[in-house]
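Chemist: Protein chains in written order, with numbering that gives the first Met the number 0: chain A, 0 to 581; chain B, 0 to 195.
No lab work stands behind these hints: they were computed from the structure. Glycine included, each C-beta is placed from N, C-alpha and C at the ideal position. Check before you lean on any hint, since a few could be wrong.
Estimated spans, in silico, between C-beta atoms of each pair [claimed, not checked]:
#1 R569(A) with E142(B): 48 to 56 Å
#2 V205(A) with N114(B): 54 to 62 Å
#3 N31(B) with K238(A): 47 to 55 Å
#4 A128(B) with R569(A): 51 to 59 Å
#5 L88(B) with Q567(A): 44 to 52 Å
#6 E208(A) with V58(B): 24 to 32 Å
#7 V58(B) with V581(A): 47 to 55 Å
#8 R532(A) with V58(B): 49 to 57 Å
#9 L123(A) with E142(B): 52 to 60 Å
If you want the building blocks of each chain, they are given just below.
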Amino acid sequence: METLASTKEAPTNSTAQSVSGSVAVLEALLAEKVDTIFGYPGGAIMPIYDALYDYNEKLRHILVRHEQGAIHAAQGYARASGDVGVVFATSGPGATNLVTGLADAQIDSTPLVCITGQVFAHLLGTDAFQETDVINITTPVTKWNYQVTDATEIPSVLAKAFYIARSGRPGPVLIDITKNAQMQLFDYTGYTPCNHIRSYRPKPIVRKEYIEEAAKLINAAERPFVVFGQGVILGKAEKEFRQFIEKAGIPSAWTIMGMSAIPTDHPLGVGMLGMHGNYGPNLLTNECDVLIAIGMRFDDRVTGRLDKYAKQAKVIHLDIDPAEIDKNVKATVPVWGDCKETLPALTELIEQKVYPQWLQRFRDCREKEEEKVIREELNPSGDVLTMGEVIRVLNELTGGDAIIVTDVGQHQMVACRYAQYNKSKSNITSGGLGTMGYALPAAIGAAYGDPSRTTVAIIGDGGFQMTLQELGTIMQFKPHVKILILNNSFLGMVRQWQQLFHENRYSFVNITSPDFVQVAKGFGISGKSISKREEVRTALKEMLDHPGSFLLEVMTGKENNVFPMVPQGRGVAEIVLTREEV
Amino acid sequence: MSKAEYTITVYTENQIGLLNRIAIIFSRRKINIDSLNTSPSEVDSVHRFTIVINETEEVVRKLCRQIEKQVEVLKAYYNTAEEIVWQELALYKVPTEVIQAEVKVERLLRQYGANAVVIRKDYTVFEVAGHREETDRLIKVLEPYGLIEFVRSGRVAIIKDSEGFHEKLKEFEYREPGEDTIENEFLDQNEKVFTM
Numbered sequence: 000m001e002t003l004a005s006t007k008e009a010p011t012n013s014t015a016q017s018v019s020g021s022v023a024v025l026e027a028l029l030a031e032k033v034d035t036i037f038g039y040p041g042g043a044i045m046p047i048y049d050a051l052y053d054y055n056e057k058l059r060h061i062l063v064r065h066e067q068g069a070i071h072a073a074q075g076y077a078r079a080s081g082d083v084g085v086v087f088a089t090s091g092p093g094a095t096n097l098v099t100g101l102a103d104a105q106i107d108s109t110p111l112v113c114i115t116g117q118v119f120a121h122l123l124g125t126d127a128f129q130e131t132d133v134i135n136i137t138t139p140v141t142k143w144n145y146q147v148t149d150a151t152e153i154p155s156v157l158a159k160a161f162y163i164a165r166s167g168r169p170g171p172v173l174i175d176i177t178k179n180a181q182m183q184l185f186d187y188t189g190y191t192p193c194n195h196i197r198s199y200r201p202k203p204i205v206r207k208e209y210i211e212e213a214a215k216l217i218n219a220a221e222r223p224f225v226v227f228g229q230g231v232i233l234g235k236a237e238k239e240f241r242q243f244i245e246k247a248g249i250p251s252a253w254t255i256m257g258m259s260a261i262p263t264d265h266p267l268g269v270g271m272l273g274m275h276g277n278y279g280p281n282l283l284t285n286e287c288d289v290l291i292a293i294g295m296r297f298d299d300r301v302t303g304r305l306d307k308y309a310k311q312a313k314v315i316h317l318d319i320d321p322a323e324i325d326k327n328v329k330a331t332v333p334v335w336g337d338c339k340e341t342l343p344a345l346t347e348l349i350e351q352k353v354y355p356q357w358l359q360r361f362r363d364c365r366e367k368e369e370e371k372v373i374r375e376e377l378n379p380s381g382d383v384l385t386m387g388e389v390i391r392v393l394n395e396l397t398g399g400d401a402i403i404v405t406d407v408g409q410h411q412m413v414a415c416r417y418a419q420y421n422k423s424k425s426n427i428t429s430g431g432l433g434t435m436g437y438a439l440p441a442a443i444g445a446a447y448g449d450p451s452r453t454t455v456a457i458i459g460d461g462g463f464q465m466t467l468q469e470l471g472t473i474m475q476f477k478p479h480v481k482i483l484i485l486n487n488s489f490l491g492m493v494r495q496w497q498q499l500f501h502e503n504r505y506s507f508v509n510i511t512s513p514d515f516v517q518v519a520k521g522f523g524i525s526g527k528s529i530s531k532r533e534e535v536r537t538a539l540k541e542m543l544d545h546p547g548s549f550l551l552e553v554m555t556g557k558e559n560n561v562f563p564m565v566p567q568g569r570g571v572a573e574i575v576l577t578r579e580e581v
Numbered sequence: 000m001s002k003a004e005y006t007i008t009v010y011t012e013n014q015i016g017l018l019n020r021i022a023i024i025f026s027r028r029k030i031n032i033d034s035l036n037t038s039p040s041e042v043d044s045v046h047r048f049t050i051v052i053n054e055t056e057e058v059v060r061k062l063c064r065q066i067e068k069q070v071e072v073l074k075a076y077y078n079t080a081e082e083i084v085w086q087e088l089a090l091y092k093v094p095t096e097v098i099q100a101e102v103k104v105e106r107l108l109r110q111y112g113a114n115a116v117v118i119r120k121d122y123t124v125f126e127v128a129g130h131r132e133e134t135d136r137l138i139k140v141l142e143p144y145g146l147i148e149f150v151r152s153g154r155v156a157i158i159k160d161s162e163g164f165h166e167k168l169k170e171f172e173y174r175e176p177g178e179d180t181i182e183n184e185f186l187d188q189n190e191k192v193f194t195m
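Can you make the complete structure from the sequences, with help from the hints?
Modeler: Below, the structure is given as structure tokens:
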């Protein structure tokens, strides 16, 4: 078997020492400056855990309660810290429990290195105890994966894994290591980080002529519109992005993944795109003359019906991944490359401009949305609590400095619509895959990824019940996570669709919940449940001020809907503001 | 845009699991692979996939981009049948007694340029290398004479305009390869070869 032809051999070193494959794994993590591992031991990964016993001082290992919790925690860690999240899991069920998180990280471009144990090499293919074909199961949901059966490969394979996970468009990498390789002693000559693989081009070369063409289009535009995604955050190009839009004077809207790359109150920030995004950015997508897409991939939840999406506009698409160009929306000018490089080049060539009338259109739309949706959501006239007013009070108390981790569903849309963000990497959510159960473990990871900030996990009653076992992880390791459950006693988003599109046929969306406060109490976590408006502020304050983790359940209106909405199958300009318009 | 037959040529590292990684790019999109062949290439350590599908050019281009996105893929090209020289190998097993008795069969085999690979008392195996229409036609004509077994190989193809991969590969070894090796010049063109 010829392998890793492109990986450089480690320099021969006379001071080679005999170490096990397991020690080589941990040395690789140290060399890559990993400080936290999320994992769960088991039979086939025991040699690595045995070695970990001696690395306790240098590597922090967080024992989760389920491998899915480990991988979502690693995702939260990666998203909050901007670095690679690391996961340990055993073979068989340990590895298969990672699949949801891998798919989530793959679609949301989250850098991960997952190390799974595997049965002895001589048992591969024999249906051995806890043997699963992990490489083939995870191939569609990993950026790269590789099975190690010989310990001598470990340093170079892990170097490659970290390089691939974090470079270019980031993504999850899985390394499956057979037990014999973990135990095998070999001459270890040190760790050499990888920075080149001949068959892998993480960054396309920036082509000047395309930048020039893009600048020409922008300079001639009358109604230019910027739509940006997580690429700005992943490229660590927040500053470059701001300089670009501020010089160009172009109204800019974010996708759910791009949110927090600029502060939500930036004067050129016009809101969120997508199915439950803001009215103006959706409507005016179909009125702009030049659409500048930056580090986003035209997901169907953003575009609505493709044949009714920005047909009038010339499209400039900046992306690091060549496969994204023309995938969904045809680009007039493709600008391939890392936006950290392409944006400054573009900024240099564009004229300083303002578009007061065009920007006013967005403000008018905002006013209409305020009147028809936002005002009632944030300051409701009725008795029942809305999710929006809870978020409003939370904003007032955190000042927009918290990391907000959301789960999936109505509360996610409301949180992303109304939460205030001052800093980048503040919004951690499962955008592409829509993984319920993501928020609690991801928030644990985020608390380790950036311990200097308050982490608030906003979760629905449904999603919380999917991964609430991770309360045990909080109990044991005490990361500070503020858990805010917005409980509407329904699987709210599905219920909303059943109400709007399935003639009120509520099919299995009525979900009962345990006493969450009692559950938390069982895990040694303080909590409170409220249902009245006058309690919201003090309860949220109590949650935030509490030393350590706290669970706050807020009972909200059972049948509140999230609006505006671009109903499925319709164009972005067909966005509706109220139920009557659906 | 109408569908046509496209031959995709992929240069890759020789790594276990890569066949699966490439195959699922097609199966995920419910695209049937008409023919798939893997072999060494002209360059040592580089593998070559030849894949035939029937799709629109737009789909084929997107597929090539997804293929090239894979870490161990060096390059993916796509070509129409006119842009390549190609062959498929077919084997036919026919009862030997029929060939002996029927002069017609012998004439047919000559006409199709078939070579006998094995001759036994009970059967004879012939091989024909050629285009699919030719090998297909021979099935039809042999059927009445008791064709016992038929099998056809995957397509192998050489791109007419390709200058080979030796020079290209050298550039891949560099950190900063030449522009045409990597990028977008050919983005919406399909001149000599498709490249990204």
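Chemist: Determine for every hint whether it applies to the structure shown.
Modeler: Going down the list of hints, with the structure as the test:
At roughly 54 Å, the beta carbons of R569(A) and E142(B) sit within the given window of 48 to 56 Å. The hinted range of 54 to 62 Å is satisfied by V205(A) and N114(B), whose Cβ atoms lie roughly 55 Å apart. Between N31(B) and K238(A) the Cβ separation comes to about 48 Å, which falls inside the hinted range of 47 to 55 Å. At roughly 55 Å, the beta-carbon separation of A128(B) and R569(A) lies within the given 51 to 59 Å, and the hint holds.
Taken as a hint, the range 44 to 52 Å holds for the pair L88(B) and Q567(A), whose Cβ atoms sit roughly 49 Å apart. Checked against the hint of 24 to 32 Å, the C-beta distance between E208(A) and V58(B) comes to roughly 28 Å, which is consistent with it. A C-beta distance of roughly 34 Å is found between V58(B) and V581(A), which places it outside the suggested range of 47 to 55 Å. About 55 Å separates the C-beta atoms of R532(A) and V58(B), a value consistent with the hinted range of 49 to 57 Å.
Range check, L123(A) to E142(B): about 44 Å between beta-carbon atoms, so the 52 to 60 Å window is missed.
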